[in-house]
Amino acid sequence: MAATKTEDDSAPTQDRVIARLLTDDIVEWRIPPGSWLREREIAARFGVSHAPVREAFRHLARIGLVKVVPWRGTYVIDIDEHAANEVYELWKSLFGVVCRLAAVEMTDRDGRELMHRLVEYKDVTQRTENTFEHIKVSNRIGRFIAKRSNAPLALELLDRVALLARWQHNVYTDSYIETHGNDAAKRSAILYDALCRHIVARDGDAADAVARDLIGVTQNSFGRALEEYKARHAKPKPSRRRAKVT
Numbered sequence: 641m642a643a644t645k646t647e648d649d650s651a652p653t654q655d656r657v658i659a660r661l662l663t664d665d666i667v668e669w670r671i672p673p674g675s676w677l678r679e680r681e682i683a684a685r686f687g688v689s690h691a692p693v694r695e696a697f698r699h700l701a702r703i704g705l706v707k708v709v710p711w712r713g714t715y716v717i718d719i720d721e722h723a724a725n726e727v728y729e730l731w732k733s734l735f736g737v738v739c740r741l742a743a744v745e746m747t748d749r750d751g752r753e754l755m756h757r758l759v760e761y762k763d764v765t766q767r768t769e770n771t772f773e774h775i776k777v778s779n780r781i782g783r784f785i786a787k788r789s790n791a792p793l794a795l796e797l798l799d800r801v802a803l804l805a806r807w808q809h810n811v812y813t814d815s816y817i818e819t820h821g822n823d824a825a826k827r828s829a830i831l832y833d834a835l836c837r838h839i840v841a842r843d844g845d846a847a848d849a850v851a852r853d854l855i856g857v858t859q860n861s862f863g864r865a866l867e868e869y870k871a872r873h874a875k876p877k878p879s880r881r882r883a884k885v886t
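Read in order, the letters of the sequence shown are residues 641 to 886 in our numbering.
In short, the hints are calculated from the structure, not lab data. The reader is advised that the hints may include incorrect statements.
Capping the alpha-carbon separation at 30 Å, the derived lysine-lysine pairs in BS3-like fashion look like this [as the list claims (entries may be wrong)]: (1) K732 x K870; (2) K732 x K762; (3) K732 x K826; (4) K870 x K826; (5) K707 x K776; (6) K787 x K826; (7) K762 x K826; (8) K826 x K776; (9) K707 x K870; (10) K762 x K787; (11) K776 x K732; (12) K732 x K707; (13) K870 x K787; (14) K762 x K776; (15) K762 x K707; (16) K776 x K787.
Simulated restraints on C-beta separations [unchecked claim]: (17) R678 x V759: 43 to 53 Å; (18) R680 x D718: 40 to 50 Å; (19) R680 x N790: 38 to 48 Å; (20) E796 x H873: 27 to 37 Å; (21) K776 x R800: 16 to 26 Å; (22) R872 x I703: 19 to 29 Å; (23) D748 x E681: 49 to 59 Å; (24) V759 x E681: 44 to 54 Å.
Here the structure is a predicted model, which is why all the values come from computation and not from measurement. Where is the CB? At the ideal position from N, CA and C, for every residue including glycine.
Turn these sequences into a full structure, and let the hints guide you.
Have a look at this one:
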């Protein structure tokens, strides 16, 4: 008797394929913040009917990348200081949880692999001042820790929050990086070293605390980059004309 095919084993549906591709476009800002997603245009782009496009928009809305406005359409969310801060606070909490659990669940072999990845990260921070490269390697270590925490729910939530954080990081510009250098990356490398050692030593409390501090470094750096982004994109206030005195 043939095994029953589960949903995970089956090919992804049209709506999920479209949602995944649109997610990539939104996260990389190929579709900029504030853009309206036209159902007809998306359907034409992928050669599908409107039904899977509408469902794809619902997937994106559940992630938090778009807003669906009844009778008007769907638009990509814009950078908002309060929402951005919320993302970082959630990221700190979730990363603290998975690091605490990893300190209990991680095997000795995993610990050796973690320290090897740490060496790679520290090397990247010394080799280049490219903030995006630092974040990329840092995220790979964070995901390795999360996967070894044996906490699938926390990992799922962490992935969703990290995706939004990745989207936000596009406020970083080359000029910002040139001005501020890689001080945040150097500070992060020091904290990552402490974090990995706490996990290997199975000190969950210390790992939790350092994990939150680590995300806090990125949060502070992002805050400054966001201020510059907002200043560049601020809309000029309309000037008031004085009435002529007759």
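So, going through the hints one by one against the coordinates:
1. This hinted pair checks out: K732 and K870 have alpha carbons roughly 24 Å apart, not beyond 30 Å.
2. For the hint pairing K732 with K762, the CA-to-CA distance comes to about 21 Å; that is within 30 Å, so the pair holds.
3. Of the supplied pair hints, the one linking K732 and K826 holds, its CA atoms being roughly 19 Å apart against a limit of 30 Å.
4. About 26 Å separates the Cα atoms of K870 and K826, which keeps this hinted pair within 30 Å; it holds.
5. The hinted pair formed by K707 and K776 meets the criterion: a straight-line CA distance of about 27 Å does not exceed 30 Å.
6. Under the criterion of a C-alpha separation no larger than 30 Å, the hint pairing K787 with K826 is consistent with the structure, at around 25 Å.
7. For the hint linking K762 to K826, the alpha-carbon distance of about 8 Å falls within 30 Å, and the restraint holds.
8. Proximity of K826 to K776 is assessed by CA-CA distance (about 15 Å); at most 30 Å being required, the pair is judged to hold.
9. The hinted pair formed by K707 and K870 meets the criterion: a straight-line CA distance of about 21 Å does not exceed 30 Å.
10. For the hint pairing K762 with K787, the CA-to-CA distance comes to about 21 Å; that is within 30 Å, so the pair holds.
11. In summary, the hint linking K776 to K732 is supported, as the alpha carbons are separated by about 17 Å, within the 30 Å threshold.
12. Distance check on the hinted pair: K732 and K707 sit about 25 Å apart at the alpha-carbon level, within 30 Å; holds.
13. As the CA atoms of K870 and K787 are separated by approximately 35 Å, the hinted pair breaks the 30 Å bound.
14. Under the criterion of a C-alpha separation no larger than 30 Å, the hint pairing K762 with K776 is consistent with the structure, at around 13 Å.
15. Between the alpha carbons of K762 and K707 the distance comes to roughly 39 Å, so the proposed pair goes past 30 Å and is violated.
16. The hinted pair formed by K776 and K787 meets the criterion: a straight-line CA distance of about 17 Å does not exceed 30 Å.
17. Checking the proposed 43 to 53 Å range against R678 and V759 shows it holds: the Cβ atoms sit about 48 Å from each other.
18. For the pair R680 and D718, the supplied restraint of 40 to 50 Å is violated, since their beta-carbon distance comes to about 23 Å.
19. Checked against the hint of 38 to 48 Å, the pair R680 and N790 passes, with Cβ atoms roughly 45 Å apart.
20. Against the hinted window of 27 to 37 Å, the Cβ-Cβ separation of E796 and H873 comes to about 33 Å, which satisfies the hint.
21. Roughly 18 Å separates the CB atoms of K776 and R800, a value that falls within the hinted 16 to 26 Å.
22. For the pair R872 and I703, the beta carbons lie near 27 Å from each other, so the given range of 19 to 29 Å is met.
23. For D748 paired with E681, a C-beta distance near 53 Å keeps the hint of 49 to 59 Å intact.
24. The beta-carbon spacing between V759 and E681, approximately 47 Å, falls within the hinted interval of 44 to 54 Å.
In summary, the numbered hints that this structure violates are 13, 15 and 18.
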